[in-house]
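K.L.:
Chains H and C, in that order, give the protein sequences.
The first sequence begins at 1 in my numbering and counts up by one.
The second sequence begins at 1 in my numbering and counts up by one.
To be clear, the hints were calculated from the coordinates, so they are not data collected in a lab.
Hints may be right or wrong, so weigh each one.
In silico DMTMM-like pairs for lysine to aspartate or glutamate, Cα to Cα no more than 25 Å straight-line [said to hold, decoys possible]: (1) C/Lys-17 x H/Asp-83; (2) H/Lys-165 x H/Asp-132; (3) C/Lys-17 x H/Asp-274; (4) C/Lys-26 x H/Asp-132; (5) C/Lys-17 x H/Glu-322; (6) C/Lys-6 x H/Asp-181; (7) C/Lys-26 x H/Asp-274.
As the structure is a prediction and not an experimental result, all values here were calculated from the model.
Chain by chain, the residues:
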Amino acid sequence: MDRVSEGLALGSPLPTLMVVPTGIGCAIGGYAGDALPSARLLAAASGCLITHPNVMNGASLYWKDQRIHYVEGYGLDRFAAGDWALRSVRQQRIGLLLDAGIEPELRHRHLQVADGCRATLGLEIGPVVTSDEPLGVHLGLGHSGASWGTLERPDSLLRAGERLKASGATAIAVVARFPDDQGSEALQAYRHGSGVDALAGAEAVISHLLVRHLQIPCAHAPALSVLPLDPQLDPRAAGEELGYTFLACVLVGLNQAPALVQSSAAKASDLLADDLGVLVVPEGSLGGEAALACLERRVPVISVANPSVLEVTSTALGVGSEVLHAGSYAEAAGLVLALREGVALSALMRPLSALKELE
Amino acid sequence: MRLTSKTLQLPWPKDLKASDLRGWLKDQLRIHGAPLRWAITAVHHSEQDHGAVLQVEAVWIE
Numbered sequence: 001m002d003r004v005s006e007g008l009a010l011g012s013p014l015p016t017l018m019v020v021p022t023g024i025g026c027a028i029g030g031y032a033g034d035a036l037p038s039a040r041l042l043a044a045a046s047g048c049l050i051t052h053p054n055v056m057n058g059a060s061l062y063w064k065d066q067r068i069h070y071v072e073g074y075g076l077d078r079f080a081a082g083d084w085a086l087r088s089v090r091q092q093r094i095g096l097l098l099d100a101g102i103e104p105e106l107r108h109r110h111l112q113v114a115d116g117c118r119a120t121l122g123l124e125i126g127p128v129v130t131s132d133e134p135l136g137v138h139l140g141l142g143h144s145g146a147s148w149g150t151l152e153r154p155d156s157l158l159r160a161g162e163r164l165k166a167s168g169a170t171a172i173a174v175v176a177r178f179p180d181d182q183g184s185e186a187l188q189a190y191r192h193g194s195g196v197d198a199l200a201g202a203e204a205v206i207s208h209l210l211v212r213h214l215q216i217p218c219a220h221a222p223a224l225s226v227l228p229l230d231p232q233l234d235p236r237a238a239g240e241e242l243g244y245t246f247l248a249c250v251l252v253g254l255n256q257a258p259a260l261v262q263s264s265a266a267k268a269s270d271l272l273a274d275d276l277g278v279l280v281v282p283e284g285s286l287g288g289e290a291a292l293a294c295l296e297r298r299v300p301v302i303s304v305a306n307p308s309v310l311e312v313t314s315t316a317l318g319v320g321s322e323v324l325h326a327g328s329y330a331e332a333a334g335l336v337l338a339l340r341e342g343v344a345l346s347a348l349m350r351p352l353s354a355l356k357e358l359e
Numbered sequence: 001m002r003l004t005s006k007t008l009q010l011p012w013p014k015d016l017k018a019s020d021l022r023g024w025l026k027d028q029l030r031i032h033g034a035p036l037r038w039a040i041t042a043v044h045h046s047e048q049d050h051g052a053v054l055q056v057e058a059v060w061i062e
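Put together the whole structure using the sequences plus the hints.
P.N.:
So this is what it looks like as structure tokens:
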């Protein structure tokens, strides 16, 4: 049976790409891994979900599901564009990259989380490398209100990543010292469930740099001082206030993150963009590379009502009639299941118009 | 190596479909360096000439 015929078997998994862009204030997925329940549902509906750390990372909270493939954003874009394939692994050896700008006590907290994940979860972690200079993270907001950020010393980050890879790491968890914010209006809005995650843009830049340079799975956790207790904390942000670090979810996610291989070197068992059955994306976020790549490759797209600061909708891009619309992730999961089971979507809606003969 | 971030306003060529935007945008972005992270963050439609301008926010490697 060839690759395409295999994918057509009734009830076989329908590889589904779920994107919730980071740092745009999505009502679902704009906080501490709060799109994870939606990802679990889509994984159950599709049997195979490819998604990224912003969806899966809840700081101290995480969820393992063999149907979910954890792929960093840059790798996800390369996969959607058809450049890279995803190869399942039993276990990654996770190198830990620590920013030289992290204070000794906070550094110890991170090392203890890594030790805890080794002892309690059986993860393969090590070696540990510290950057040769403080990385110098800067936060910023774009014209749209989305969070962006940069790094003063990207070379130092990449040198440390190279050392880890040369020492046998097959994936990298990176922890950079982020500027503390003990009470800005933006932070208060985020903690109360109405703002953009100001850290997210810079986090994405750090992990994108490493994945682009090393072509191995990487994910980032920010190192920050503990915030004072806020009794009004929104439940969606609560995952980030349970411990001293955001590292545990990153280590768990990377543990079985698929290897990233050139599509030209893919094996029959690897996942390729050609295998994608559908993309699920917030309705205002169709302007990212993965979404545009799916439009380019004629992969069916489901846009989900999930408000954010962006309004790059199917209507704005002139593709309203080509995109399926869902009012919630529950509805999107139903659409995914119908596609997987070969149920015509028109049969699920009313009115159902009569057949017309071609003139 | 240096990272820079900025916002571009790019007139959307009228004969270019949304399904062809990605490759065209990457060509436009490469004029400014190697694009690391980018997205269309707004589409401004003009009722006067039925054209549109794409707002693109990006981080480049220089």
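K.L.:
Which of the listed hints are not met by the structure?
P.N.:
Going through the list in order, the structure violates hint 4 alone and respects the others.
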